[in-house]
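Trainee: These protein sequence lines map, in sequence, to chains A and B. This note's numbering puts the first residue of the first sequence at 215, with every later residue one more than the last. This note's numbering puts the first residue of the second sequence at 1119, with every later residue one more than the last.
Check the hints yourself; a few may be wrong.
As the list claims (entries may be wrong) - Derived Cβ-Cβ restraints for the label pairs, each shown as a range:
| # | chain 1 | residue 1 | chain 2 | residue 2 | range |
| --- | --- | --- | --- | --- | --- |
| 1 | B | G1171 | A | Q292 | 14 to 24 Å |
| 2 | B | S1136 | A | E268 | 36 to 46 Å |
| 3 | B | P1213 | A | F228 | 36 to 46 Å |
| 4 | A | K223 | B | A1200 | 37 to 47 Å |
| 5 | A | Q292 | B | L1231 | 29 to 39 Å |
| 6 | A | S226 | B | V1168 | 32 to 42 Å |
| 7 | B | K1132 | A | G243 | 20 to 30 Å |
Said to hold, decoys possible - Some chain A residues flagged as far from chain B (calculated, every beta-carbon gap over 12 Å):
| # | residue |
| --- | --- |
| 8 | T219 |
| 9 | Q252 |
| 10 | H285 |
| 11 | E293 |
| 12 | A302 |
| 13 | G312 |
Source of the hints: derived by calculation from the structure; they are not laboratory data. All values derive from a computational prediction rather than experimental measurement. We treat Cβ as the ideally placed atom computed from N, Cα and C, and that holds for glycine.
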Amino acid sequence: AQRVTQPEKLLSVFKGAPVELKCNYSYSGSPELFWYVQYSRQRLQLLLRHISRESIKGFTADLNKGETSFHLKKPFAQEEDSAMYYCAAWGAQKLVFGQGTRLTINP
Amino acid sequence: NAGVTQTPKFRVLKTGQSMTLLCAQDMNHEYMYWYRQDPGMGLRLIHYSVGEGTTAKGEVPDGYNVSRLKKQNFLLGLESAAPSQTSVYFCASSPPRLWAYGTQYFGPGTRLLVL
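Next up, chain B with everything else stripped away, as it sits in the complex (with noise of 0.2 Å):
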């Protein structure tokens, strides 16, 4: 099993341009998640998905689009990215019962540079 994976693992862009991380979980976890992580600031939770079709907002949604169109994958999107959104940005997955059941897993992250 691969876990929780990332791509791209580092992207420098320019002031408007786009892109779309994605992550992909193989684990046939129901929930997924997207979190940056700023120096000072630690995990911020961007948004997320309980499910299938479904995603929510979490602590810092602007700027950002999402999409869970398979189980397995969660995209993450830039429409016109802006250097306040250099960061690392992680990926993670975790059963629904989270308490009970165990734990939330990571991918290994993606270093974003935006110019």
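With the rest of the complex left out, here is chain A (with noise of 0.2 Å):
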């Protein structure tokens, strides 16, 4: 079955430190990954997309195959970072997504 992990629920680190959100999926062939992000009180929007290999608010992601991994990094943690993070990955007609992470940027 199609799976998407984020291992942590929960992620606080200081302002101007750098972030690491984790992702692993499973799947069978090269499915398409993407990072979406949820701010308060607002919807869904798509944050990064793996095939874009782009940069979007100082955060990119890395496409790991041999570790099934796309975990989304940034050097420099900002305080309007603090939002909910969702990988996902694109098959079979639908989006399937993680369990989401909370991020919470400390001042």
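Put the complex together from the two separate chains, hints included.
Mentor: Spelled out as structure tokens, the structure:
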């Protein structure tokens, strides 16, 4: 079965510190991977996609096929990064989401 | 463009009551989805549709029904609400080739409380 796992429900770091949100997937074939973010009282929105190889708001994510991981990283956390983050994989006409990680950036 | 809208924004039901949640999108997307969001469980897919007149079960379909009579609308029905269906419900839509053409767009959510 297709599965996306985010092992950390909560993550708290200080402003200016590096951030890494973990994501592992279990999929047949090569799924397309995404990170979505939900800021307080806002709807979910796309943060970045693997296929685009992009950096959004200082975040990057590297696909490691050997470890089946797609961890989200940012070298210097900012207070406005506090939000709920979801890793997702696209396959068989639908997105499968992980359980989400709530990131809190302390001043 | 309004994007994806959901009606209502909040609702309180008593156990056994029925209701329908409406999702509408104005982006001419083929695919539409209903999710529920619960603490610690993330987003779980209830039902989805890959085109007008088609529906399919997701991860947690029990207790819900859906209909896609028009391309722009996707309805989620609860025939007999249970407290376990207390949740935040999100609708989303996307073009077919999500991985190539973009993203899934989400609605603002509907908070449902079943007493």
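Trainee: Look at each hint and say if it fits the structure.
Mentor: Against the structure, the hints come out as follows:
1. B:G1171 - A:Q292: 14 to 24 Å: violated (46 Å)
2. B:S1136 - A:E268: 36 to 46 Å: holds (44 Å)
3. B:P1213 - A:F228: 36 to 46 Å: For B:P1213 and A:F228 the Cβ distance comes to about 40 Å; the hint holds.
4. A:K223 - B:A1200: 37 to 47 Å: violated (25 Å)
5. A:Q292 - B:L1231: 29 to 39 Å: holds (34 Å)
6. A:S226 - B:V1168: 32 to 42 Å: Check passed, 40 Å falls within 32 to 42 Å.
7. B:K1132 - A:G243: 20 to 30 Å: violated (45 Å)
8. T219: violated (10 Å)
9. Q252: The claim breaks: A:Q252 does not keep its Cβ more than 12 Å from every Cβ of chain B (closest is about 9 Å).
10. H285: Since the minimum Cβ distance to chain B is about 17 Å, A:H285 lies beyond 12 Å and the statement holds.
11. E293: holds (23 Å)
12. A302: Nearest chain B Cβ is 8 Å from A:A302, so the label is violated.
13. G312: At about 6 Å from chain B, A:G312 fails to clear the 12 Å cut-off, so the statement is violated.
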